[in-house]
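A.B. asks: The hints should help you fit chain V onto chain H, whose structure is shown.
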Amino acid sequence: MPVDFYMMPGSAPCRGVALTAKALGVPLVEHQTDLMKGEHMTPAYLKMNPQHTIPTINDNGFSLWESRAIQQYLADKYGKNDDLYPKDAAKRAVVHQRLYFDMGTLYLRFGEIYYPMMFGGAPKDAEKVKKFDEALGFLDGFLSESKWAAGDKLTIADHSLVASISTADAVGHDLSKFPNIVRWYADCKKTMVGYEEANAAGAKGFGDWFNSVVKA
Amino acid sequence: MASIVLYHFPPSAPCRFALMTARMLGLNVNIKLVNLLKKEQYEPEFLKINPQHSVPTITDDGFHLWESHAISTYLVGKYGRESGLYPLDLKLRASVDQQLYFDAVVLFQRIRALCVPFIYGTASSVPDDVKKGVVDAIDILDTSLSNKTWLVGDKITLADIANVATLCNAEVVGYDLSKHRNVADWFDRCKTTIKGFDENLKGVAEFGALVRANHPAPLFP
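Protein chains in written order, with UniProt numbering: chain H, 1 to 216; chain V, 1 to 221.
There could be a bad hint or two in this list.
[As the list claims (entries may be wrong)] Derived contacts from chain V toward chain H, CB cut-off under 10 Å, selection only:
1) Q52
2) S54
3) A70
4) T73
5) G77
6) L90
7) Y101
8) F197
If you're looking for bench data, these hints aren't it; they were derived computationally from the structure. Even for Gly, the Cβ is constructed at its ideal location relative to N, Cα and C.
Bound-form chain H, shown alone (with noise of 0.2 Å):
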């Protein structure tokens, strides 16, 4: 039975568990969601999401968000095997670092860099990007001793993790001093299922809104 999704394609948040449905094989539902048309607070979606956030989903009546929480729960309802969501201790332990690291620690200062860029017409602040990149270095550490980010095998841990690297670059951030993140990234690409449509284009997107925001 396919699953409701409600999101937007430039969110970051909303690739990674688009990534995860695709490895798989789950069915979503695409329902966009307009934040700036405020279609996340009509009253039919406050009652599913009273936090009104991107990305929801619905898989028959059990609504959840927070976007590493669904992935952690497609790859456990809808995984063939366990590799994507290893069930073993310590592996998922890995994992679900390498998720909070991506959440509190990457994307959040990837967005304190970018978003009062685009929102606030803010300067790029030369401390900020200062902290983006020890974040960015610790993952290129975290690279450096396997070749995906929990391990040696892809986990939803490098989806999440893509779906920010590639909204970093698409806003242009210079990669080039992670060698190992350029390697992962580049095996990302060929290997996820469904890059293209499921990242690569949302990406695109976000890049172009800010490029067109912040350069005009």
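C.D. replies: Chain V alone, transformed into the frame defined by chain H:
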């Protein structure tokens, strides 16, 4: 069972979340203090364990792990699967995960944005928009708790422990929880249900003292 080493800084809410989880599970924990204000997280021995130099970090039989939410779910997964703290039912567990992410990216980040500049002495006034961010986050928590005893299902879970550890930091800098009835009642339930809550409150008091050292008045009048 060999004891788990917890690298701990008591004023840190994520550290107190990890420790309360261990206490709820009755685990044997060897606490090693890492004073972030003295930059002890940059000591070479610690960087070898966690290159991201964050706390909490644990070492369990040679396995190093950081990020409090990853630590707590790991401890339950390994030592307390049947405890109910991280439910085995898929939907309940997913809802716990959702609330853990809410704690990590909304509640914690907003309280941190308000308080940490005072700890490091880089702020002198309280920006209204940052304060409003905290109020809004606690409002969301209040909505999540309407007509409920606990955040997810009908038993205490990691979702409650994580969020209450964070919320303590808002209360100690002057936030009046009684403005949010569901939150206030739930906070009292957490106090009497969570093992190690008094130990947690000692760290909360230290956090409050660090903020007051640079801003003696409450941040929330």
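A.B. asks: Against the structure, test the hints numbered earlier, and report the numbers of the ones violated in rising order.
C.D. replies: Checked against the structure, the only hint that fails is number 8, while the rest are satisfied.
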